[in-house]
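Trainee: Produce the entire structure from the sequences given, and follow the hints as far as they go.
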Amino acid sequence: MNIETCNVVLGGIGGQGILKASEICGWAALYEGYHVKKSEVHGMAQRGGSVESHLRFGQRVFSPLVNRGGADFLLCFHEEEHSRLKPYLRKGGRDLLRYLDAARKLVVQEPRALNTAMVGVLSRELPIGEAAWEKALETVFPPKFLSFNRGVFFEARTMER
Amino acid sequence: MTRTKRPVHKAFLSGNEALARGAWQAGLKVACAYPGTPSTEILEALATYPELDVQWSVNEKVAYEVAFAAAVGGVRSLFACKHVGLNVAMDPLMTSAYTGVNAGFVIVVCDDPGMHSSQNEQDTRWVSLYAKLPMLEPANPGEALAFVGEAFALSERFDTPVIVRMTTRISHGKEDVVIGERDEVTTLALEKDFRKYVMVPGNARGRHEVLEKRLVRLKALAEKTRLNRIEEGTRSLGFITSSVTYQYVKECYPDASFLKLGMSYPFCDEKIRAFAKSVRRCVVVEELDPFLEEHIKTLGVRFAAKDPSWRLGELGPDAIGPIVRGEQRKVRQTKSRPPRLCPGCPHWATFSVLKKLGVFVAGDIGCYTLGALPPTSALHSCLCMGAGVTFNEGLRRAHPDGPIVGVVGDSTFVHSGVTGLISAAYNKSRGVIFILDNRTTAMTGGQNHPATGLTIRDEPTRELDLAALCRACGADHVDVIDPTGNLKAFEALVVERLGADALSVIIAKHPCKLIKRKL
Ligand code: SF4
Numbered sequence: 108m109n110i111e112t113c114n115v116v117l118g119g120i121g122g123q124g125i126l127k128a129s130e131i132c133g134w135a136a137l138y139e140g141y142h143v144k145k146s147e148v149h150g151m152a153q154r155g156g157s158v159e160s161h162l163r164f165g166q167r168v169f170s171p172l173v174n175r176g177g178a179d180f181l182l183c184f185h186e187e188e189h190s191r192l193k194p195y196l197r198k199g200g201r202d203l204l205r206y207l208d209a210a211r212k213l214v215v216q217e218p219r220a221l222n223t224a225m226v227g228v229l230s231r232e233l234p235i236g237e238a239a240w241e242k243a244l245e246t247v248f249p250p251k252f253l254s255f256n257r258g259v260f261f262e263a264r265t266m267e268r
Numbered sequence: 002m003t004r005t006k007r008p009v010h011k012a013f014l015s016g017n018e019a020l021a022r023g024a025w026q027a028g029l030k031v032a033c034a035y036p037g038t039p040s041t042e043i044l045e046a047l048a049t050y051p052e053l054d055v056q057w058s059v060n061e062k063v064a065y066e067v068a069f070a071a072a073v074g075g076v077r078s079l080f081a082c083k084h085v086g087l088n089v090a091m092d093p094l095m096t097s098a099y100t101g102v103n104a105g106f107v108i109v110v111c112d113d114p115g116m117h118s119s120q121n122e123q124d125t126r127w128v129s130l131y132a133k134l135p136m137l138e139p140a141n142p143g144e145a146l147a148f149v150g151e152a153f154a155l156s157e158r159f160d161t162p163v164i165v166r167m168t169t170r171i172s173h174g175k176e177d178v179v180i181g182e183r184d185e186v187t188t189l190a191l192e193k194d195f196r197k198y199v200m201v202p203g204n205a206r207g208r209h210e211v212l213e214k215r216l217v218r219l220k221a222l223a224e225k226t227r228l229n230r231i232e233e234g235t236r237s238l239g240f241i242t243s244s245v246t247y248q249y250v251k252e253c254y255p256d257a258s259f260l261k262l263g264m265s266y267p268f269c270d271e272k273i274r275a276f277a278k279s280v281r282r283c284v285v286v287e288e289l290d291p292f293l294e295e296h297i298k299t300l301g302v303r304f305a306a307k308d309p310s311w312r313l314g315e316l317g318p319d320a321i322g323p324i325v326r327g328e329q330r331k332v333r334q335t336k337s338r339p340p341r342l343c344p345g346c347p348h349w350a351t352f353s354v355l356k357k358l359g360v361f362v363a364g365d366i367g368c369y370t371l372g373a374l375p376p377t378s379a380l381h382s383c384l385c386m387g388a389g390v391t392f393n394e395g396l397r398r399a400h401p402d403g404p405i406v407g408v409v410g411d412s413t414f415v416h417s418g419v420t421g422l423i424s425a426a427y428n429k430s431r432g433v434i435f436i437l438d439n440r441t442t443a444m445t446g447g448q449n450h451p452a453t454g455l456t457i458r459d460e461p462t463r464e465l466d467l468a469a470l471c472r473a474c475g476a477d478h479v480d481v482i483d484p485t486g487n488l489k490a491f492e493a494l495v496v497e498r499l500g501a502d503a504l505s506v507i508i509a510k511h512p513c514k515l516i517k518r519k520l
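The listed protein sequences derive, respectively, from chains U and P. Using our numbering, you'd call the opening residue of the first sequence number 108 and step up by one each time. Using our numbering, you'd call the opening residue of the second sequence number 2 and step up by one each time.
Please keep in mind that the hints were generated in silico from the structure rather than gathered at the bench. All C-beta atoms in this analysis are idealised placements derived from N, C-alpha and C, irrespective of residue type, glycine included. Keep in mind that a hint or two might mislead.
Below, in silico cross-link-like pairs of lysine-lysine (DSS-like), each with a Cα-Cα straight-line distance of 27 Å or less [unchecked claim]:
#1 Lys336(P) x Lys193(U)
#2 Lys514(P) x Lys251(U)
#3 Lys133(P) x Lys11(P)
#4 Lys127(U) x Lys133(P)
#5 Lys336(P) x Lys198(U)
#6 Lys198(U) x Lys214(P)
#7 Lys11(P) x Lys242(U)
#8 Lys331(P) x Lys193(U)
#9 Lys127(U) x Lys214(P)
Per the computed footprint, the stretches of chain U lying under chain P, defined by three or more beta-carbons under 8 Å from a beta-carbon of chain P, are [said to hold, decoys possible]:
#10 201 to 211
#11 225 to 233
Mentor: Following this line, the structure appears as structure tokens:
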């Protein structure tokens, strides 16, 4: 495995906006100048079934999938999916599950923004600067949803550790 | 015709989007498809380029014929489908290999190893062998963009349809891709060439010879093309591989030597022989069927291939070590949450009544196939597109008075249910066919079809009247009812129709919850 590559696994269930979350991260990594690969599955899996998205970035990335025990970060959106996703995490990798509740509280008014909140949590762990995150949010969200999501993102980003 | 000009900038594209971009850059004019995961986004992405003539056709056979004829007519054109969709288009495909093209024609097919959203995991590489058509296999979105341009050039140079095979991980994987500008390509003349385009036996014999000779020339090209690339690494270990599998192997064995096949048919025998001899241990790694393996066995070189247990399912980086070590596939029991109908889905109402009545429900392909899973568990067969209608008839031929019904979606009915209904009426079949009309092609993400009255670009068009169509097919009763509105009335109607000695169609009409917002 290429040690300079950063590996993230995002997962939960269909309808939680996981693909959108990894989309934001992918763009941010791209704007930071990395080579990026992201892999997920559409279709049947999105009808409330398990959803996972793999994101890898670095100087040179080959496999679009993270191997088991290869993820530097695990961003899980649903407690019940955690045991399925846990084996992806490498020894010493960061499991961000403990922020899930705090993220939920942050978006209690608009639960659909949980994905943005979780990306905010993840953002402070990744070697990607704020300017790249700003640009990624602008790319992914249509203008009328941008300022709300930017607010959620930065609140989560500055959340207590 | 010129190739891609100098790159202008980078974009973050999925394999499907990149392929669409590459086709657009190559001067594509006409593209046709029927939606099917994982291929759907190719046409959706093409529809965003206003200069292109893009359509959802009613099924893959129609899509293939329209796109192919456009190429015969002189413009570069493309047909896209999923692996099982290609089965529907096999009739025109096999003979179009004989006629050849005029302007470039590219068949894009997306296989689904692991069956993330499919009813089987057939390996389309065999189609290239069977139909004698060249096949290119991109290994990532960047190659999808580049290879489709190569495919158009090859198609015109060799006067043949060219297949570009993708898989789910390439179609739905995203990466940074260098994009370029569009090459405008002039329309070629439409010629009346009786010997080339009229496939009656006398002409087809001649064209078969053309096809065999073309294959010999393509074989020579396969030896030379840079699509089949040797990457020199250590001499102790070398891999022959293609598609996304190349990425997995490269990740795990970055120092090894590689023969990376971008053109997987015809085979480049000399290159394969030379490569296999140049390394101490040669391993062929491929997803699904032993397509390369079976052929390379005939070349008399020493190599290792995967244990047959790996012919099932998709590969990934975790599979490569065990394959190289000759180990068997261990099936990991991961409990992933099964998909189910969305809360508020109109199909819940229909299935609740069918379940209560305890009938055998012949199913079809669509969201409603999920009705087979708990908690509804009220669908008892699913084979292919349109089989909801024909299974009702066939099962009734075995059990004439059996409590049997068929269900089919609106889009699926138009795709291939309607032919079954005509045949059922003609052959005096009885029973009740439900058209679960949710006003969209829901399973693939909500695409328009003739009965929605909207085109792929959401422009209004002539709307197909499903009820009138069913009457014209010869159904004795056609009822249109919203099952969610009044469940009692719906149930009463179903009971009445089930009791009748007639062929009935009940159109259960209520929009899909997910597209409601769009309406
Ligand atoms: S997408 Fe539409 S048709 Fe499919 S399960 Fe959901 S609501 Fe039902």
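Trainee: It remains to establish, for every hint, whether it holds in the given structure.
Mentor: Hints and how they fare:
1. Lys336(P) x Lys193(U): Distance ~13 Å between Lys336(P) and Lys193(U) Cα, so the pair holds.
2. Lys514(P) x Lys251(U): Judged against 27 Å, a Cα distance of about 23 Å means the pair holds.
3. Lys133(P) x Lys11(P): violated (36 Å)
4. Lys127(U) x Lys133(P): violated (41 Å)
5. Lys336(P) x Lys198(U): Satisfied, since the Cα-Cα distance of roughly 22 Å is no more than 27 Å.
6. Lys198(U) x Lys214(P): Violated - the C-alpha atoms of Lys214(P) and Lys198(U) are around 57 Å apart, more than 27 Å.
7. Lys11(P) x Lys242(U): Holds: Lys11(P) and Lys242(U) sit about 15 Å apart, inside 27 Å.
8. Lys331(P) x Lys193(U): holds (19 Å)
9. Lys127(U) x Lys214(P): violated (50 Å)
10. 201 to 211: violated (count 0)
11. 225 to 233: Contact hint for the region 225 to 233 of chain U vs chain P: violated, 0 residues under 8 Å.
Checked against the numbered hints listed earlier, the structure breaks hints 3, 4, 6, 9, 10 and 11; every other hint is satisfied.
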